[in-house]
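Number of protein chains: 2
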Amino acid sequence: MKVIIVGGVAGGMSAATRLRRLDETAEIIVLDKGDYVSFANCGLPYYVSGEISERSELLLNTPEGLKARFNLDVRVNNEVVAIDRQAKTVTIKTPTGEYQESYDKLLLSPGASPVVPPVIGYEVAQNVFTLRNVENLDEMMAYITQHQPQKAVVVGAGFIGLEMVENLKLKGLEVTLVEKAPHVLPPLDEEMAAYVSQELVKQGVDVRVNTSVVEILNEGKAVRLEDGTELATDMIIMSVGVKPATDIAKKAGLALGMRDGILVNDQYQTSDENIYAVGDAIIVKNQITGEEALISLASPANRQGRQVADVLAGKARQNKGSIGTAIVRVFNISAASTGLTERQVKLSGKPYKVVHTRGNDHAGYYPGATAVTLKLIFNPETGELYGAQGVGTKGVDKRIDVLATAIKAGLTVEDLPELELTYAPPFGVAKDPVNMLGYVALNVMEGLTEMIQWHEVPEKIAAGMVLLDVRNEGELSRGQFPDSLNIPLNQLRERLDELDPNKAYLVSCASGQRSYLAERLLKQHGFKATNLDGAFFLYSVVRPEELI
Amino acid sequence: MKVIIVGGVAGGMSAATRLRRLDETAEIIVLDKGDYVSFANCGLPYYVSGEISERSELLLNTPEGLKARFNLDVRVNNEVVAIDRQAKTVTIKTPTGEYQESYDKLLLSPGASPVVPPVIGYEVAQNVFTLRNVENLDEMMAYITQHQPQKAVVVGAGFIGLEMVENLKLKGLEVTLVEKAPHVLPPLDEEMAAYVSQELVKQGVDVRVNTSVVEILNEGKAVRLEDGTELATDMIIMSVGVKPATDIAKKAGLALGMRDGILVNDQYQTSDENIYAVGDAIIVKNQITGEEALISLASPANRQGRQVADVLAGKARQNKGSIGTAIVRVFNISAASTGLTERQVKLSGKPYKVVHTRGNDHAGYYPGATAVTLKLIFNPETGELYGAQGVGTKGVDKRIDVLATAIKAGLTVEDLPELELTYAPPFGVAKDPVNMLGYVALNVMEGLTEMIQWHEVPEKIAAGMVLLDVRNEGELSRGQFPDSLNIPLNQLRERLDELDPNKAYLVSCASGQRSYLAERLLKQHGFKATNLDGAFFLYSVVRPEELI
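Residue numbers (the working numbering), protein chains in the order written: chain A, 537 to 1084; chain B, 537 to 1084.
Just so you know, not all the hints are guaranteed correct.
Which copy is meant is left open, so a pair is good if it fits within one copy or across any two.
As the list claims (entries may be wrong) - When the alpha-carbon atoms are kept at most 25 angstroms apart in a straight line, the in silico PhoX-like pairs for lysine-lysine are as follows:
no. : residue 1 : residue 2
1   : 1059      : 603
2   : 1064      : 851
3   : 603       : 1064
4   : 641       : 786
5   : 889       : 851
6   : 1059      : 851
7   : 787       : 538
8   : 786       : 629
9   : 707       : 757
10  : 569       : 538
11  : 1059      : 538
If you're looking for bench data, these hints aren't it; they were derived computationally from the structure.
Next up, chain A with everything else stripped away, as it sits in the complex (with noise of 0.2 angstroms):
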């Protein structure tokens, strides 16, 4: 049997060392259009603030390396530029010249490339630099190291593209994000990555969304924004996404759908037979809402590579879907996002309810506890988990990682509290977030609880609601809402008079735990009681201007 594998990182590399392990005697060519193969791309952006210090780290493997040990025929500065279905062979283009390959078996993992968006002026600038590889590292490196840039322009704040504010600003650039989204990290929700964006700001970072970059101006000086302002800068990033690499595929005729996004079955067979494909350029099925999906991350490349090296190989495989897990550190905090966010579940129309929780990464009698807010999306009558986020300093990648096995395994809302995780004061706490999260919910879904969310407090207030604060009075110089009412939760029970029966209370405190205990009691005392969800903290991070 002889492969040819298209692209030579997480999908393919994967690929094609499986299929070693698994077929020796198979002829396997690995073709990549760059220089390097088998590198870190998740690594790219440390390198450019020094965090990893050595280029040499990002360089997992050579294809000498590959020949020693895997007995792999790679080939750098091969790029495939043309299929011949009939006749079974590639075109591939070198920098001297043209050949032709031919195969059994092709299988493409191009991955996907940066999205050039329509920006005037883009063309000419010569410091306008995008990061999908180690070639693009060394560009942006060779002109820091020759220009010294002092400022620098972020467009898109995604995953990498706040990798790429983080490490220019560890390097000592001063940096603005320009997001065209109303908020920092569209991936998560508006008031989960009202986190991040708090953090971006108090390290000094200009962060400006719900616009974008229209020109570059001076060669690339300074840009403008939609409303007209103008910035200087020294340098510009454009993370603003990325699209499936299928130039070749589309052109040999495979069948794409969404986004040229290719097509495949759950065996990775494209619609040619004799043709698979894995990694960013194909489409999966979002195992959530069944429905297509074009997911950017290095995990569900590997896994496919891997798998698709075992269909090559003669055994049964099958793509079961995927839900989409992601993580990024922003500086001092981590955010993560496990299957569907809020918009989406929304969007789908499906029943759902969110709540806000708020807990210790570790026992808060052990030194060093911080604090961990985690959101779960869940079908309130059945449980079904549509997805989780979190946000904090520390073991945020831990829960996350708990509730989206948790959603792979179809766990709902009830099995989360009977999740038994490790506990010891320097590791976690006896409820863990993650269980806490389970019996919030479970309280909602048994009518316990009514819970209101941050963005209803308006709507809410102006229906007459009253915003009762069961603060500590010390408490309240950290902020408050207006026209609240204040009665410290130890004192509720005696103080029940002060209520009017005839009025509905929002609670609020802190973080949510003691207005819910004063919501019960209130309920109990037969006065018409609901919950803030995430409370003040919550609030005074995604609305801290509407706070006094």
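Assemble the complex: chain A is given as a structure, and chain B must be docked to it using the hints.
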């Protein structure tokens, strides 16, 4: 409804507060024989070293605070000494006398008491301590302050014993650890516990296994071990385990089971319909084996307390059993387990296989990556996950939490590679250690690899197998298997003529990854090859004396 709750820590206090949230009118009396309720028992060891510096941090709540917030009637120094089930009353002993209190429902959450081993001289020594509550801690700290001990003997190398060793050592004492079992940390399997033992020795702890303290000499100035060895000491910590504190339950004629644990149905109801029980004192169902088990952990106790409150308030709740998940930090490493150990599975007679993996906690090219060693015990026919264990510097808690969730959810080996976990260089690896564990186990199930376990090596070598070490030459200085053959993996394809087709090869490398590649290569070229699971790293920890 008048509810009396016996025991005011994890289970009891979770029940009391939850019950109040559900029922504002219930009369809830919490009785505790100690001076304190709601204290952080898992934090006690860390106060010994001063890592938790304020004693007040350990006292999470007071009777006054619980009255104000939850309207609970909490009575400390109130010991229940008898239950009159006919009259539905309890007799309570206080420092000043006895009284009776009636109940509609009685909840027992008495916890477990330290086992006192049959040691001669125990009674007369004033420097022998256990650590279950604040009073124990106060006594121990008073002794330390007054006598400034230089040496300590810790008897029992379970979780608490190890935490005491760590904290006494951090306080500057010379510590000897004595464990009756063949290895420290008996809740883990031998080879995984060996990492803990290695760390203890590295930190200067005198570790003695396979022995016990049989006599305390000179009023505690020394101890004698089984083999007659005498060890001088200034203080002795007994942490040989706990047993259900069920004397009162027994006296009242409630049905008890193994080790006098209280038998309850899945609604936490004892053999008396008006008496319920939760926490360390009850017998639970092991969710994997369906067998009875005693589990002394904070998380299940908290969950059970909350659930029994729901039951008392008339809600449908069911104890679904436990799998048992635990973690301990021992100086610079952590060790965790979930589900069954290999020893337990072996005893059960179930078919099983074992795999070990060693991977990075986060991307190797990003600074600060450390090794995580994982073990998985599974059914090789069905893929059922029986249990998992992990050791390492960082990220062990996360991996065991994910595996605990997978086990709880009934996922199989085949599902582990599918898990979509958070990945960015500071947090994880594109193929997470948990994914890798699944891949390796799947390779075993599908016959792609045949694993030889570390304890099988001597018999295999004796039977004529040749140990083939495929590490590079530079790695051999770390230690070698005696009589092993070395061919670096990258040279193997070219040097196959050095191997004997009539011999069986047991391939090893550093962690087991390269040896697997070599095994695949050899098998496909017609050689008889197996892979040493865990390879050199694991062997060098569990059997260092057999290496040269």
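Status of each hint after checking the structure:
Taking the shortest alpha-carbon separations for residue 1059 and residue 603, only the inter-copy value of 19 angstroms comes in at or below 25 angstroms, while the best intra-copy value is 71 angstroms. Taking the shortest Cα distances, residue 1064 and residue 851 sit within 25 angstroms of each other only across copies (23 angstroms), while inside one copy they are farther apart (61 angstroms). For the homomeric pair residue 603 and residue 1064, the shortest alpha-carbon distance between copies (24 angstroms) is at most 25 angstroms, but the shortest distance inside one copy (72 angstroms) is not. In this homomeric assembly, residue 641 and residue 786 come within 25 angstroms of each other (Cα to Cα) only inside a single copy, at 18 angstroms, whereas the closest approach across copies is 72 angstroms.
In this assembly of identical chains, the alpha carbons of residue 889 and residue 851 lie at most 25 angstroms apart only when taken from different copies (22 angstroms versus 42 angstroms within one copy). Taking the closest pair of Cα atoms, residue 1059 and residue 851 come within 25 angstroms of each other only across two copies (18 angstroms); inside a single copy the shortest separation is 60 angstroms, beyond that limit. Taking CA atoms no more than 25 angstroms apart as the test, residue 787 paired with residue 538 passes inside one copy only; the shortest distance there is 23 angstroms, against 78 angstroms between copies. When the C-alpha separation of residue 786 and residue 629 is checked against a cutoff of 25 angstroms, the pair qualifies only within one copy, where the shortest distance is 18 angstroms, while the shortest distance between copies is 84 angstroms.
For the identical chains of this complex, residue 707 and residue 757 are intra-copy neighbours only, at 20 angstroms inside a copy versus 60 angstroms across copies, given an alpha-carbon limit of 25 angstroms. In this assembly of identical chains, the alpha carbons of residue 569 and residue 538 lie at most 25 angstroms apart only when taken from the same copy (20 angstroms versus 77 angstroms across copies). Taking the shortest Cα distances, residue 1059 and residue 538 sit within 25 angstroms of each other only across copies (21 angstroms), while inside one copy they are farther apart (72 angstroms).
Hint compliance for this structure: every hint is met.
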